[in-house]
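Engineer: The primary structure of each chain is shown beneath.
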Amino acid sequence: MIEFSLNGHAVKVQALPMTRLIDVLREHLRMTGTKEGCGEGECGACTILIDGVPVNSCLIPIVQADGTEITTVEGISKDDRLDPIQDAFIEYGAAQCGICTPGFIVAARALLDSDPHPSKRAVREALAGNLCRCTGYQKIVEAVVCALGED
Amino acid sequence: MHTSSAPVWNARSLMEALALRSEHPEATVIAGGTDIMVFLEGGALELKEVLNIWPCDELRGIETTATGLQIGALCTWTDIKNHPNTPSALRECARTVGAAQIQNRGTVGGNIVNASPAGDSLPLWLALNASFEVGSVRGHRMISADDFWTGYRTTALEADELLLAVHLQNDETLRTTYRKVGTRMAQAISKVVLGGAIKTQGGVVTHARLALGSVAPVPVRLAHVEKALIGRPIDPNAAEEINHDIAPIDDIRSTEKYRRTVSQRIVRSWLEREAKEP
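Those sequence lines, one after another, are chains P and F.
Under the numbering used here, the first residue of the first sequence is numbered 137, with each subsequent residue one higher.
Under the numbering used here, the first residue of the second sequence is numbered 1410, with each subsequent residue one higher.
Since the hints were derived computationally from the structure, they do not count as laboratory data.
Honestly, I wouldn't trust all of these hints.
[To be verified] Examples of chain F residues lying across from chain P (beta carbon under 8 Å, computed):
no. : residue
1   : Ser1413
2   : Gly1452
3   : Ala1453
4   : Leu1454
5   : Val1459
6   : His1492
7   : Gly1507
8   : Ala1509
9   : Asn1513
10  : Ser1525
11  : Ile1661
Virtual Cβ for every residue (Gly too), placed ideally from N, Cα, C.
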């Protein structure tokens, strides 16, 4: 039995130890906010936080999640109130097809938690592991920079 | 979605890790998983059993020793990037490994033991003359980076051994470089990767270690370039010796010709920069 905290709630799952964390989140726990893009650590769509640190959930075997605190995009908004980053994504039209959006939101949240005043360059570097094939990144970076002011 | 039913042995201490390694020499060792999980998903790896060393905190941490620096095998690239005492070329290397998500999980030890010809850090360990501390239930030993990669994706590790730490000598007079050429800055596998370390005394080169990755089945020292550099003022033309040292191939990421041309140019441009420095 693997035990961890998911968005502040204790969960226990029974799964083969090498099962990917993303599959446990989506298939076992039905938390489908986290998306799978490439499945090989290239695109960042499946980004989640483990103990506050952004990682690709497609590259984590569930055995390594034991005893950790996991935050998914569902845990970014609090009590039905969107996070300022999410508000900014809506305002700036920073999402088109939406598959990459949860990963960007989570990676951006991790950046702002560790550095409340990053430069535009630091924003781009922190989001370099997240690929978007629709927007061309400009609106995404603008949304994160805007969220800085409101955070 | 892969579903491997391989059993996993979890090592929570170094002693446990070495005992498990000795009992299960055929187990695939997993640290941060950024290579293993990709192989698994792509069907390139059949797991019989797995030794999970990720929980083994004794293999974390960067410590200053009497002679230099000791870097635990489970240090992530983020650990390297954020540490004030790691060599600047190594921090530069850490910044080019994948992007934040990979740097937070990928480990120094994993990069070394995975032994990919394109492994981002491998030529730099050669340039820095690193020693790798490996251990088993039989004891510990040191292997120099020069002797570690023995062939395509093979290492000098015995079946019951684990990589424990990297040791670097402290040398303030060393001038180092790291340069990775890929399709883009982040998330790119290298087409060519360079590590270099040079020392001069009275305007003459007394020490030169240069190495390239992605241009041969193993990371290679540039012995002819080094020989051409030693005993004279820094001469960028030494880069022309490079064709005696490398054996690049055409593959999905680049061509033999591109790699040859770029290898020589990045070596030359580093030497030109260093030649201008006092």
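Engineer: Output the indices of the hints that this structure fails to meet, ascending.
Structural biologist: 2, 3, 4, 6, 10, 11
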